[in-house]
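J.: Chain residues, written in single-letter form:
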Amino acid sequence: MRDKNRKYMDIEDVLQDSHELKQMLMESFPNKIFFKNRESVYMFCNSHYAADIGIAPDEIRGKTDYDFHPRDLADKYRTDDQRIIKSGKLEQMEESYRIGDEERTVLTVKTPVRDENGNVIGIMGIFNDITEQKRIEEKLKQSEQKYRTLVETTQEGICIDDKNDNITFTNKAFADMLGYKRDEIIGMNFRELMDKRQISELERQTKMRTEGKSSRYEIILYTKDGKPCNVIVSAAPLVNVDGNYKGSISVNLDITKRKKAEEEREYQKNYFQALFKDSPEGIVSLDDKHNVIDINPALEEMFGYHLKDLQGKEIDDYIIPERFLKEGKEYTKRTLSGKTVKAETIRKRKDGSEIPVSMLGAPIFIGDKEIGSFGIYRDITERKKAEEKIKHLNLVLHAIRNVNQLIAKEKNRGRLLREICDSLIETRGYNSAWIALFDENKKFIASVEAGLGKDFVPLKKLFKRGEMIECGRRALKRSGVVVVKDFSACVDCPLLGKVPSEKEITVRLEHKGKIFGLISVSVPAHLADDKEEHGLFKEVAGDIAFALHDMESEEKHKQAERSLKESEEKFRLLAESTASAIFIYQDDVFKYANPAMERILGHSKDDIIGMKFWDVVHPDDIKTVRERGQLREEKGEVESYLYEFRVITKDGKTKWIDFAGASIIYEGKPAGLGTAYDITERKKAYEEIERVLEQERVFKSKTAHYFFNPIAIAKGYIDLTMDEVPNELKEKLKSARHAIMRVETVVKNVVTKGEVRE
Amino acid sequence: MNKILIVDDEEEIQKLIQIYFSELDVKIYPALTGEGGLEKYAELMKEGNAPDLVIMNLKLPGMDGVETTKRIMKMDSSALIYGFTASFNTDWAEELKREGAKDVIPRTVGFATFREIVKKILEGKI
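Sequence order for the protein chains is E and X.
Start counting at 1 in the first sequence, then tack on 117, and there's your number in my numbering.
Start counting at 1 in the second sequence, then tack on 20, and there's your number in my numbering.
Chain E on its own, in the form it takes in the complex (with noise of 0.2 Å):
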């Protein structure tokens, strides 16, 4: 054995050489030095490792690491060793390892032990208890995750540049805050990031680290996307070892939101400055006495007073008026136990005028501590005027409300106008009123008034006596409604000086372009302008002329009506009396008939009454009637047609009648109104003296035909004879001729004349 392993030195024989050297050299050394040889079995330890295992160093040689550790241990020990007897490579490793109960760790170094040849022979250990380095790396490594996570998590930008102020480590903080990835950030110079005016800055920080000095600046830094951010930056040089300047590093605390805040509130305290100052509401600061810190220009323009005057003052003491001063202490005492009062009141200016307003009193806290108040005053006399307007306009459109209701009802003109004018005044739109009616030559006719009692009494003397007032004789000239602001043109007007505080408007009632007198009403001054209040007026005096109107065209019906009804008794009378036939008939069918016609049909009223007008009439006279009664629907007109027809009486005759008709509207419908004589008994006579006549006229003409012609015959053959016959034959002739001639006188005289005469 020993041969066969002679190419190696044994390490004994090498150790051994040198024993009183290496026990020297291994008790020098504070680790725990060991050999074993290449089966593992010790060979010989310092003094260190005797202890730690309980034994005196002389006592290991021979024995394994099975006879002091734990199997488990030992295994992995045995394959340590082998491992690197066989690499022949040294191992360095930290192992657990026990002394005694307690368990400690080791920095094992495991080194091949070589001959002379360079031949393994076996292993030496050197390991060293690094439990407390370990407990103090532990601590180290604790306090480097603290600081790690203190850096990546506090919210300042930590950054460390080198001397040349390139960017060598930031945490997130720092990145973020300026919109880069940490990646993209490290390597940067300071200077990329800021403004070029601000390098200066920079180069005198850098400047101050270079000397060994921080320093606390404030500096705008641009991020990523070019916006600038306000930094307030802390900064501590760097230094190597041997002290000199390596670079700095700085806590960056990002204050452009503060910076925003900073503006803001100085925006605010600005704005607040001038709110209060150019405010047009009255604004005073208080101190917690209720004592007058300040005023602005609205407050002094609203009450008179100047800051001067209130300063230090109690302000109640100057513009509450008496009667207001309950409550207003009431006020105050509100707000000092740090109320907030909101009230519409009255207060009063410095020359003693009062003044509506609103106003607002507010406590001022700082913390739970009520420092002082302020007040904000409106001036609402505007607003009251124009509440009142409104107020005033709703009680006139109430009024007008009431008009039309009467207008309605109410059919009696006097009572009427009467209650109207109550009306008025009664909603307390206006304070009194009356009403004149004048006729078309603007004679008085009548007068109502409300409100105004014996005061309007001269007035409406003054009108009947046929006299106008300035503002009713304006009124009635144009449509528009008077007011009357220069009371001098009024020196004639009785109710001048009855209404003092008041106005009076005064507008003509006019419907359809015809004026039916004056309405006029007292109306608070500062109205009596207002378009709304003048249209409104109107508006109620249309309505009045419109009712006046339509009692006037209601009268004139009604007369109508009277004399439409006197009219058709009239009709009724004369239809009933007179021997003239009148008929009405539609639709060819009897509507009404008359006494007379009873009497010429034989038919009573009744019974013609639905009888066919066609019934009645002679068959061969139906023709006739028809066309002229066509003719005269064609026409159109409403006229009379004057001719005669015969009719069937009840029993059967005939009868002759003038019949006149007309068309008409009867019932709303169309009709023919009929009225007929009965002439038959003249139209027997008139037949009678057509028959005397034709008798007459052929005797005539038979008396000429027979007398004349035989006397022309026989004057011609006289004639023709006296030329012929001796002068005592021709006397003789003549006095046959001058016979023939009487007759034929006589003749002549009795058919030209009818009278039988020579």
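Certain hints may be false.
Derived lysine-lysine pairs resembling PhoX-like cross-links, with alpha carbons at most 20 Å apart [stated by the list, open to error]:
1) Lys722(E) x Lys770(E)
2) Lys450(E) x Lys394(E)
3) Lys193(E) x Lys203(E)
4) Lys79(X) x Lys817(E)
5) Lys79(X) x Lys819(E)
6) Lys341(E) x Lys298(E)
Simulated from the structure, these hints should not be mistaken for laboratory data.
Chain E is already provided as a structure; the job is to place chain X on it using the hints.
T.: Chain X only, in chain E's frame:
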């Protein structure tokens, strides 16, 4: 020579006219009835020899003087017709004028006067 158609049923009258008008340069065409007068006028007219004057009695047997006048006027609207009748002052005489007769000469004027009237008519003086 003027042509005169005398329509008269009185033969004596026809004779006397012939006698009295013999002094005038006229040709007399007598007709005793209306129908005869109408026929004669048509005949002469057909010959292109229409009468220059027609003397018309009113009372005629059959067609009277008014109807005869109406028909002649229908035949020849330029016919010159005068009445010569005992019924001179009657509606009948007026009717004759309405149908076309220029005038009616009373029978009572006497034949000499009648002749003078006719003469003037023919001369265009009436």
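J.: Evaluate each hint against the coordinates.
T.: Hints versus structure:
1. Lys722(E) x Lys770(E): 18 Å, holds
2. Lys450(E) x Lys394(E): Answer violated: Lys450(E) to Lys394(E) is near 27 Å, above 20 Å.
3. Lys193(E) x Lys203(E): Distance ~15 Å between Lys193(E) and Lys203(E) Cα, so the pair holds.
4. Lys79(X) x Lys817(E): 13 Å, holds
5. Lys79(X) x Lys819(E): The hint holds at about 10 Å.
6. Lys341(E) x Lys298(E): This hinted pair holds, its Cα atoms lying about 10 Å apart.
In summary, the one numbered hint that this structure violates is 2.
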